[in-house]
Amino acid sequence: MKRARTGEPSELDLLAIACLAPSLLYVLVLFVYPFLYGIFLSLRPMKVDGFSLANYIAFFSDEYQYKTVGITFRLAVPNTLIVVAASLLFAYNMRRGIWLERTITTILVLPISLGVILLAQGILGFYGGKGWFNQLLLGLGLLEDSLVLTHNFTGVMLSLFMQQFPFCFLMLLGYISGIDPSIENSARTLGANPWTVFRRVMLPLIAPGLAIAFALVFVMSFATFPSAILLGQATGATRTIAIAAYAQAFEQFDMSYASAIAVIMGIFQLAALLVIILLRRRMVMAATMGVGKR
Amino acid sequence: MKETIESLRFRITKRFGTKTVLRDFGLEVRGGQFITFLGPSGCGKSTALNIIAGLIPATDGEVWVDGERIDRLPPEKRGFGMVFQNYALFPHMTVFGNIAFGLQLQRRPAEEVRRRVQEMLELVQLPGFEDRYPGQLSGGQQQRIAIARALVLHPRLMLLDEPLSNLDAKLRIEMRAEIKRIHANLGLTSIYVTHDQVEALSLSDWVVVMKDGVLIQAGPPQEIHDQPVNVFVADFMGFRNFFQTQVVSLGPNGDVEAAGNGMTIRGKTRHTFTPGAAAVAAIRPDDVVVGGDSGTANAFRATVDIVEYLGREDEAIVRLESGGRLWVRTEARVAPGETVCVTLPPDRVIFLPAEGSGGTA
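Those protein sequences? They're chains A and B, same order as listed. Residue numbers for the first sequence follow our numbering, beginning at 1 and rising by one. Residue numbers for the second sequence follow our numbering, beginning at 295 and rising by one.
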């Protein structure tokens with residue numbers, strides 16, 4: 001909805017600013033300042049006096065460093081697509097409640113409460129070479145050799161999925177079940193089969209929520225760090241950009257270079273967010289009513 | 295234009311878990327009529343409508359239209375139109391998109407879609423609204439579009455689920471007339487769900503009164519209004535005064551004389567009583583006459599308790615000498631504390647079976 005802008009500050013605006021002050025302070029102190037300081041730091045390389053783009057040039061001219069961007073995208077993009085698609089599938093089919101709904105939701109959401117490390121340990125144990133998963137398939141004669149599912153790309157994908165699916169699923173479930181059921185009922189009585197209802201009525205209404213889910217899952221995936229170390233190959237196939245930054249900071253002790261890498265990571269995340277938000281604005285129609293948040 | 299249905303026949307039971315929402319709720323009606331399901335909230339009337347629409351499966355039972363059993367058909371195959379209480383327009387589509395939706399699914403040529411949408415907008419008196427979004431319309435306009443969206447497909451049966459209950463009082467009366475006009479002009483068969491007896495009486499050819507998932511009484515509005523079968527229907531139809539009595543004597547033509555609470559009341563009944571049986575005497579507030587002579591039949595002395603000014607008339611609660619309370623509507627102005635004589639005209643008093651003695655028809 002478009003709101004009229006008057007341009008002149010009223011008393012209400014001043015009150016609003018006053019009420020906003022604590023949170024504004026919080027954002028300034030805990031986000032804006034460290035962020036700006038990071039940028040500042042990244043422009044003061046250790047080996048050079050004064051300001052220089054040397055760190056950025058170094059990053060993009062060293063293949064070992066710049067290929068982390070590609071690796072991170074290769075992890076984050078498919079993971080985001082899989083997580084959002086799976087969440088949409090589950091949430092859409094559970095929108096009107098299902099049998100044993102609470103139990104199923106609890107099981108789906110449980111990984112959130114466990115934390116990354118415990119989850120990673122579990123995945124290592126269960127999907128590892130000597131784990132139950134491989135033992136079972138070998139025992140049933142379905143496999144000749146153990147599947148390698150950990151300490152590689154697959155392991156990181158598994159871990160990211162398990163961390164992010166519950167979060168994304170809950171978010172979409174809330175969004176979808178907030179849509180008035182009589183909207184889809186009216187589509188049915190107008191001759192639409194369930195698939196047409198999804199495609200022509202529900203999907204456009206879910207789209208704004210879907211875009212937010214995409215954005216959040218992507219940003220989380222792009223910053224992946226513990227999963228990539230614990231379940232991947234931290235020096236090879238899953239050396240994500242976050243690992244590169246960590247290595248510079250705490251192995252090479254070059255905070256300036258590490259800051260530059262962090263800033264590069266942030267720029268990619270912001271760029272992706274920008275693209276998603278622009279797409280979302282095209283999806284949200286001029287005037288809608290009573291459907292979720294916009 | 296596709297013909298409207300010839301006949302509708304159903305008998306349905308619906309249980310949600312252990313709760314029975316509809317118990318063997320059945321009806322058989324001719325097409326071309328305006329049928330109303332009337333009852334208090336929670337009586338199962340909306341559930342019944344949704345089952346007919348195919349949006350909820352019945353636990354048990356059958357729905358037949360023109361000799362074809364349809365209760366296994368998905369809603370999109372039934373060819374019924376439905377209008378919802380909260381309009382349920384597609385918020386992401388324009389008015390044109392909403393009305394054209396069903397036609398586009400039928401792959402009608404663009405020219406025909408445009409023409410038929412246009413016709414419908416004229417029918418609901420909103421021409422020129424094609425490009426608006428539902429969020430830019432008032433409640434009444436949204437409901438008109440919802441009606442147009444259902445009607446454009448020439449449904450053989452129109453289902454309306456409390457379509458006016460979200461509108462304000464003035465608009466409700468306007469839209470009521472609108473719905474009646476459209477129903478009559480297009481020769482539709484409509485089923486209308488409401489908890490408002492005025493809506494039911496003013497719109498319907500056939501009223502179905504429901505309570506706790508059971509059909510209590512079905513018939514033309516005059517019959518429901520004048521001859522309710524039990525205290526529940528009578529209460530719903532505006533009989534606000536009820537007196538527990540015992541039948542003293544029975545005359546010809548359903549004349550009854552009964553006594554209770556030190557009062558002897560004469561009236562009429564359509565039920566079969568035996569002398570000594572428990573019966574409830576009922577009369578509407580506006581049938582009570584203020585004045586008369588306390589020596590005559592059905593005339594009692596009373597003290598005025600509370601008076602509400604309603605403009606053309608007063609509504610008063612009076613306390614009878616026998617102790618009972620009586621609701622009265624009268625053009626004769628009365629004042630609290632005043633002693634008056636009230637008369638219950640015997641042809642306006644009806645005797646109903648006492649609750650718990652098998653009152654359903």
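Because the hints were derived from the structure by calculation, they are not lab data. Ideal placement from N, C-alpha and C gives every residue a C-beta, glycine not left out. It is possible that part of the hints are untrue.
What the hints assert, rightly or not - Only pairs whose alpha carbons sit at most 20 Å apart, straight line, appear in this in silico SDA-like list of lysine to any residue: (1) B/K371 x A/R199; (2) B/K313 x A/W99; (3) B/K371 x A/P194; (4) B/K313 x A/P194; (5) B/K371 x A/V197; (6) B/K371 x B/E472; (7) B/K371 x A/T196; (8) B/K313 x A/T196; (9) B/K371 x A/F198.
Claimed, not checked - Anything over 12 Å on all C-beta distances counts as not near chain A; from chain B, calculated: (10) T298; (11) G355; (12) P368; (13) E370; (14) K371; (15) G373; (16) Q379; (17) Q398; (18) Q400; (19) A440; (20) L447; (21) F526; (22) P579; (23) E602.
Claimed, not checked - Here are some chain A residues pointing at chain B (derived, C-beta under 7 Å): (24) N134; (25) Q135; (26) S182; (27) R188; (28) L190; (29) G191; (30) A192; (31) V201; (32) Q252; (33) Q269; (34) A271; (35) L273.
Tell me, which hint numbers fail for this structure? 4, 6, 8, 12, 13, 14, 15, 16, 17, 18, 19, 20, 24, 25, 32, 33, 34, 35
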